[in-house]
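Going by UniProt numbering, the first residue of the sequence shown is number 1, and it counts up by one from there.
Don't take every hint at face value.
So the derived label-pair ranges between C-beta atoms look like this [said to hold, decoys possible]:
1) Q228 - A363: 56 to 66 Å
2) A337 - M174: 27 to 37 Å
3) T171 - H143: 16 to 26 Å
4) P352 - M174: 25 to 35 Å
5) P366 - K130: 42 to 52 Å
6) E255 - R140: 41 to 51 Å
List time: in silico DSSO-like cross-link candidates among lysine-lysine, alpha-carbon distance up to 30 Å [to be verified]:
7) K341 - K130
8) K292 - K243
9) K150 - K292
10) K152 - K130
11) K321 - K292
12) K150 - K341
13) K243 - K152
14) K341 - K152
15) K341 - K292
16) K341 - K321
Bear in mind the hints are in silico, worked out from the structure with no lab data behind them. Owing to the predicted nature of the structure, the values given are computational and were not obtained by experimental measurement. The beta carbon of each residue, even a glycine, is placed where N, CA and C say it ideally should be.
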Amino acid sequence: MRPPQTGTTVRPPQTGPGPAAVRPSQTGTTVRPPQTGPGPAAVRPPQTGTTVRPPQTGTTVRPPQTGPGPAQVNPPRPDGDADAGPDRASLSPEQVPLGLGLQVDRQVVEQVEVLTRGQSSNQDWFTWRKNRITASVAHRIAHCRFVNGKSKAPPASYVAAVTGEGRSVQTRAMSWGVQMEAAAVRRYQEMKSAALGRSVSVQDCGLFIDARRPWLAASPDGIVTDSQTGQWLLCLEVKCPYKHRQRTVEDACREDPAFCLEITDHTPPASRLKSTPSASRLKSSLPVYRLKTSHSYYTQIQVQLAVTGLRDAELAVFTLKELAIVPVTFDPALWDATLSKLETFYRDAVLPHLRQDTQRDAAAAPEL
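Go ahead and model the full structure; you've got the sequences and the hints to work with.
In structure tokens form, the structure reads like this:
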């Protein structure tokens with residue numbers, strides 16, 4: 001397992017509120033759009049009425065691939081022409097069969113990503129997430145007793161979370177996260193641009209479906225790009241912990257054992273220190289953070305990196321006191337172990353459930 005990287009924090013004035021994943025080779029059918037016939041032994045999610053969101057503007061430059069993983073999926077960003085985006089009438093979840101050993105054409109992956117931008121404010125996003133294991137639930141699934149051989153029955157709530165049958169709950173903490181995300185992204189762009197000495201942008205993105213495993217998907221909070229070239233740099237995940245909104249990130253680390261970050265050092269690299277003693281003392285007072293590898297956010301980001309094919313990500317933790325930026329690198333060892341458990345859950349829990357639903361619907365249908 002690759003040791004996690006550490007991150008530093010810069011405290012702004014208070015203003016108010018990877019590598020491409022190394023994957024074992026797979027065989028199977030590649031689904032290409034539009035497909036009208038049924039796929040091999042595939043369970044297809046129902047189609048519901050949704051709203052099409054126009055794609056964003058801008059250009060994207062694909063960085064060179066450095067490993068044997070899948071080619072990176074960089075969504076097209078046409079220049080303001082709504083007609084250039086995917087047409088929902090020609091692309092629906094029914095055309096993308098679900099199951100192990102199946103693949104999906106990268107054109108479909110790109111179209112779905114564009115179609116689902118806006119995420120929770122876009123009904124298409126919910127439609128395409130249905131019946132797929134997504135990054136946000138991967139940690140719970142990978143650590144449940146069922147996939148680890150300690151229980152014969154899968155947790156019904158976990159199956160419901162994948163199939164979209166669970167209850168939709170909006171807690172105060174969730175509402176706070178949605179409310180603060182835009183401010184966190186703006187602050188992140190400022191800090192990241194200053195650190196790199198060039199302008200970067202956080203591009204909105206939708207749902208990325210894994211081209212080699214259409215049952216797996218992820219929705220990063222953004223893709224960080226070079227503002228001049230459009231080149232993808234990394235995935236961005238933003239967390240705005242409501243519980244610690246009035247604390248510094250350092251205080252949250254010290255006071256909450258369950259917090260996602262831990263402090264690894266108080267001395268930045270020598271290259272970042274100024275020559276004056278006063279500046280050195282100021283710099284050395286800032287903590288260095290690391291995302292705990294045992295935390296659910298670590299697994300969530302690993303899924304995002306595996307699905308997008310990127311090597312690196314950053315976690316931005318935002319409170320009303322500061323923004324901490326913590327780098328996270330793709331972890332092949334953890335991903336291999338996690339993927340095996342996710343496949344087990346999908347094969348032995350989700351697919352049987354979907355087959356039962358299909359059989360029940362067929363039995364209830366009136367005879368012609």
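Verification of the supplied hints:
The hinted range of 56 to 66 Å is satisfied by Q228 and A363, whose Cβ atoms lie roughly 59 Å apart. Under the hint 27 to 37 Å, the C-beta atoms of A337 and M174, about 29 Å apart, fit the expected range. Under the hint 16 to 26 Å, the C-beta atoms of T171 and H143, about 22 Å apart, fit the expected range. The beta-carbon spacing between P352 and M174, approximately 31 Å, falls within the hinted interval of 25 to 35 Å.
A hinted range of 42 to 52 Å for the beta carbons of P366 and K130 is inconsistent with their spacing of about 25 Å. Distance hint check for E255 and R140: the Cβ-Cβ separation is about 25 Å, which falls outside the suggested range of 41 to 51 Å. Proximity of K341 to K130 is assessed by CA-CA distance (about 19 Å); at most 30 Å being required, the pair is judged to hold. Between K292 and K243, the direct Cα distance comes to roughly 18 Å. Compliance with the 30 Å bound is thereby established for this hinted pair.
Proximity of K150 to K292 is assessed by CA-CA distance (about 25 Å); at most 30 Å being required, the pair is judged to hold. Of the pairs offered as hints, the one joining K152 and K130 holds, with about 24 Å between alpha carbons and a cut-off of 30 Å not exceeded. Restraint check: the Cα-Cα separation between K321 and K292 comes to about 22 Å, which is no more than 30 Å; the hinted pair holds. A hinted pair counts as satisfied when its Cα atoms are at most 30 Å apart, and K150 with K341 qualifies at roughly 13 Å.
Annotation: proposed proximity of K243 to K152 is violated, straight-line Cα distance about 36 Å (limit 30 Å). At roughly 14 Å between alpha-carbon atoms, K341 and K152 fall within 30 Å of each other, so this suggested pair holds. With a C-alpha separation of about 20 Å, the suggested pair K341 and K292 falls inside the 30 Å cut-off, and the hint holds. Taking the CA atoms of K341 and K321, the gap is near 38 Å; set against the 30 Å cutoff, the hint is violated.
Hints 5, 6, 13 and 16, counting from the list given before, are not met by this structure.
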